[in-house]
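Put the two chains together into one complex, using the hints given.
This is what each chain is made of:
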Amino acid sequence: MALHTLNVALADDDEDDRLLFKDAIDELKIHTKLSLFINGKELMDYLTLPNIILPEVIFLDLNMPVKNGMQCLKEIKENDKLKAISVAIYSTSSSEVDIEETFICGANVYINKPNKFSDLKAAIDKVLQLNWQYHTSTLNRDNFLLRI
Amino acid sequence: MRINLKFDFNILSKKVLSQQLDALGVNYTIHGLGEVQINTLPHTVSLEIIEKELASYGIEIISNQQMALVQRIKDAITMLINDEDNYKKYNISTYLAEQLDYSYPYLSNIFSETTFTSIENFVILKKIDIVKSTIIENSLTLTEIAFKLNYSSVAHLSAQFKKTTGLTPSAFQKIIKKRKERKIMS
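The listed protein sequences correspond, in order, to chains A and B. Under this note's numbering, the first residue of the first sequence is numbered 80, with each subsequent residue one higher. Under this note's numbering, the first residue of the second sequence is numbered 23, with each subsequent residue one higher.
This is chain B alone, in the form it adopts within the complex (with noise of 0.2 Å):
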């Protein structure tokens, strides 16, 4: 039996976070959006214990405060792209200078010195692959997709699709579909 999944990023990586912090039994708030203020210490862990611990679920101390920022600013753009309602009322700028509390300007040039990409890429980048998961699931239709993802039109949504990854969306859909016959992934 094969079933398929869809993953909430944001309360997955919480619960990981929490779960792996009170085993150590660090005393800490959640900040939300990959920021954690940590109270106390036990005397018998220390901040590169934590660092290991986390580690292993892909979780990463970032050290350098831009590197911090941008990757709020990719975390913010997740969760709102994510969010069919709160999508279809904020621009992502509006979004983005509210909840990181920054001015658009100021983060937009952080995201680009930073990635060598804009935050508008990152967006259309982060929009495509949900189109990509959610073809492969085959649960919904690309006029259906395009209207969750706040495309004017399937044929936005398509053309947006081919300038990205150079293939149309039926293309991108038989490949992975062949790929999985012969169970090759990448």
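Just chain A, same shape as in the assembly (with noise of 0.2 Å):
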């Protein structure tokens, strides 16, 4: 339980989306890995690979060609080895049914791509802290769910 490194994953085709991501969690005060990849099929191919550190927590983009973020999610969560893995879905669709149906499928974070830098530091922060809070305290993770 020492403040290690958090190992972070993010999906996401857009390439500006990916560098943004990344200019925002460097600038956090937590020690962070990031992986990148460009879509769900990289990711869960990487996942699945034996013997590789898992992440703690995943960014997962819903729109990607090849395989979407709610295929990945689905495959995660039914997945013994990989289903503790928190996932963030990250996503510019502000539907109700997009968001519920993602909760229900047993994401743990819905975060509205924001627009501003700022917010997107912010939101990022929120969510390792919480994660890590879940990772170190006797709180329920099956009840770990964060709009932002």
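A hint or two may mislead.
[Said to hold, decoys possible] Computed list of chain A residues with no C-beta within reach of chain B, every gap over 10 Å:
(1) Asn86
(2) Lys101
(3) Leu128
(4) Leu141
(5) Val145
(6) Glu179
(7) Asn194
[Claimed, not checked] Okay, derived cross-link-like pairs now, EDC-like style, lysine to aspartate or glutamate, Cα gap no bigger than 16 Å in a straight line:
(8) B:Lys199 <-> A:Glu180
(9) B:Lys196 <-> A:Glu179
(10) B:Lys200 <-> A:Glu180
(11) B:Lys28 <-> B:Asp105
(12) A:Lys192 <-> A:Glu175
(13) B:Lys196 <-> A:Asp177
(14) B:Lys200 <-> A:Asp221
(15) B:Lys200 <-> A:Glu179
(16) B:Lys200 <-> A:Asp177
(17) B:Lys202 <-> A:Glu180
(18) A:Lys146 <-> A:Asp124
(19) B:Lys196 <-> A:Asp221
(20) B:Lys202 <-> B:Glu159
(21) B:Lys196 <-> A:Glu175
(22) B:Lys202 <-> A:Glu157
(23) B:Lys202 <-> A:Glu179
(24) B:Lys196 <-> A:Glu180
(25) A:Lys101 <-> A:Asp204
(26) A:Lys108 <-> B:Glu135
(27) B:Lys199 <-> A:Asp221
(28) A:Lys120 <-> A:Asp102
(29) B:Lys28 <-> A:Glu180
(30) B:Lys202 <-> A:Asp221
(31) B:Lys199 <-> A:Glu179
[Stated by the list, open to error] Label pairs and their in silico Cβ distance ranges:
(32) B:Asn61 <-> A:Phe196: 34 to 40 Å
(33) A:Asn194 <-> B:Asn32: 42 to 48 Å
(34) B:Ala90 <-> A:Ser174: 45 to 51 Å
(35) A:Pro144 <-> B:Asp107: 57 to 63 Å
(36) B:Asp44 <-> A:Leu128: 38 to 44 Å
(37) A:Glu157 <-> B:Ile52: 46 to 52 Å
(38) A:Ala163 <-> B:Asp44: 26 to 32 Å
Simulated from the structure, these hints should not be mistaken for lab results. Even for Gly, the Cβ is constructed at its ideal location relative to N, Cα and C.
Here it is in structure tokens:
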């Protein structure tokens, strides 16, 4: 439970969004190691490799080519080895139906992609902090839901 | 048949700890709140063996003193919040200072440095966690929950719930209910 480096993964097909995310996470106080993936298939191929260090949190864009975020979410939550990883959906969609559906399918966090860099930083910071509390405290992980 | 359970975290952890240490033949004294004094060890048992035995129950020996103190702060908060009568009598800062025998500013500093969050924030997180489980059990109304956890009103409770989770209590309840129907656990 030492305050080690948090392993974080992001799958997003938009290059600008990936770079922004990386800049934001690098500016936070919490130490992180970020792995970037350009679509859901790349992410899932990586996660199912043997002997890798699994990320503690995965940020998932919903609309991606090849394999979309929803499919990844379902595969992660159906896989015994992966289902304990916290999943944060990171999307431009603000449709209530989409949001509810991702939560029901096991997402822990839903973030509407913020327009301002400072808001993005604050959102990532909140997710990482809260996730860390769930890792280190006697909080019930089944009830970890957060919408930003 | 499906039944709902409520766990007393404190009794549970002490019981597991005692059973494991007894089985190893260790002579010990439990000082409460995550501190055990090891008096004598049988010569066949080392600290590594104890560590390994306890690890399978999710109990971890903390070597870093700051981390250990933070864990004791968290445990003390958990105990107080779950103890309705005492929680109404004490405020958190007095309680922590009394239980852990350090000044509150000192505890507060260590906590913020180590966890990147404040004791006050942790208390809110912990209370909302209890609200969530109670909502799911469906045994109490929001008004009753608010009273039990010392909120001044249901409105205050709902506002803090929304601020902490981004969801209203009823939206949260709906999601968990649908997850159960589809048997999805996160």
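Verification of the supplied hints:
{"no.": "1", "hint": "Asn86", "result": "17 Å, holds"}
{"no.": "2", "hint": "Lys101", "result": "20 Å, holds"}
{"no.": "3", "hint": "Leu128", "result": "23 Å, holds"}
{"no.": "4", "hint": "Leu141", "result": "17 Å, holds"}
{"no.": "5", "hint": "Val145", "result": "24 Å, holds"}
{"no.": "6", "hint": "Glu179", "result": "7 Å, violated"}
{"no.": "7", "hint": "Asn194", "result": "18 Å, holds"}
{"no.": "8", "hint": "B:Lys199 <-> A:Glu180", "result": "12 Å, holds"}
{"no.": "9", "hint": "B:Lys196 <-> A:Glu179", "result": "9 Å, holds"}
{"no.": "10", "hint": "B:Lys200 <-> A:Glu180", "result": "10 Å, holds"}
{"no.": "11", "hint": "B:Lys28 <-> B:Asp105", "result": "14 Å, holds"}
{"no.": "12", "hint": "A:Lys192 <-> A:Glu175", "result": "15 Å, holds"}
{"no.": "13", "hint": "B:Lys196 <-> A:Asp177", "result": "15 Å, holds"}
{"no.": "14", "hint": "B:Lys200 <-> A:Asp221", "result": "13 Å, holds"}
{"no.": "15", "hint": "B:Lys200 <-> A:Glu179", "result": "10 Å, holds"}
{"no.": "16", "hint": "B:Lys200 <-> A:Asp177", "result": "14 Å, holds"}
{"no.": "17", "hint": "B:Lys202 <-> A:Glu180", "result": "13 Å, holds"}
{"no.": "18", "hint": "A:Lys146 <-> A:Asp124", "result": "11 Å, holds"}
{"no.": "19", "hint": "B:Lys196 <-> A:Asp221", "result": "14 Å, holds"}
{"no.": "20", "hint": "B:Lys202 <-> B:Glu159", "result": "12 Å, holds"}
{"no.": "21", "hint": "B:Lys196 <-> A:Glu175", "result": "13 Å, holds"}
{"no.": "22", "hint": "B:Lys202 <-> A:Glu157", "result": "14 Å, holds"}
{"no.": "23", "hint": "B:Lys202 <-> A:Glu179", "result": "14 Å, holds"}
{"no.": "24", "hint": "B:Lys196 <-> A:Glu180", "result": "11 Å, holds"}
{"no.": "25", "hint": "A:Lys101 <-> A:Asp204", "result": "12 Å, holds"}
{"no.": "26", "hint": "A:Lys108 <-> B:Glu135", "result": "11 Å, holds"}
{"no.": "27", "hint": "B:Lys199 <-> A:Asp221", "result": "12 Å, holds"}
{"no.": "28", "hint": "A:Lys120 <-> A:Asp102", "result": "24 Å, violated"}
{"no.": "29", "hint": "B:Lys28 <-> A:Glu180", "result": "28 Å, violated"}
{"no.": "30", "hint": "B:Lys202 <-> A:Asp221", "result": "11 Å, holds"}
{"no.": "31", "hint": "B:Lys199 <-> A:Glu179", "result": "12 Å, holds"}
{"no.": "32", "hint": "B:Asn61 <-> A:Phe196: 34 to 40 Å", "result": "57 Å, violated"}
{"no.": "33", "hint": "A:Asn194 <-> B:Asn32: 42 to 48 Å", "result": "46 Å, holds"}
{"no.": "34", "hint": "B:Ala90 <-> A:Ser174: 45 to 51 Å", "result": "46 Å, holds"}
{"no.": "35", "hint": "A:Pro144 <-> B:Asp107: 57 to 63 Å", "result": "58 Å, holds"}
{"no.": "36", "hint": "B:Asp44 <-> A:Leu128: 38 to 44 Å", "result": "43 Å, holds"}
{"no.": "37", "hint": "A:Glu157 <-> B:Ile52: 46 to 52 Å", "result": "41 Å, violated"}
{"no.": "38", "hint": "A:Ala163 <-> B:Asp44: 26 to 32 Å", "result": "31 Å, holds"}
The structure fails hints 6, 28, 29, 32 and 37 (numbered hints given earlier, in ascending order).
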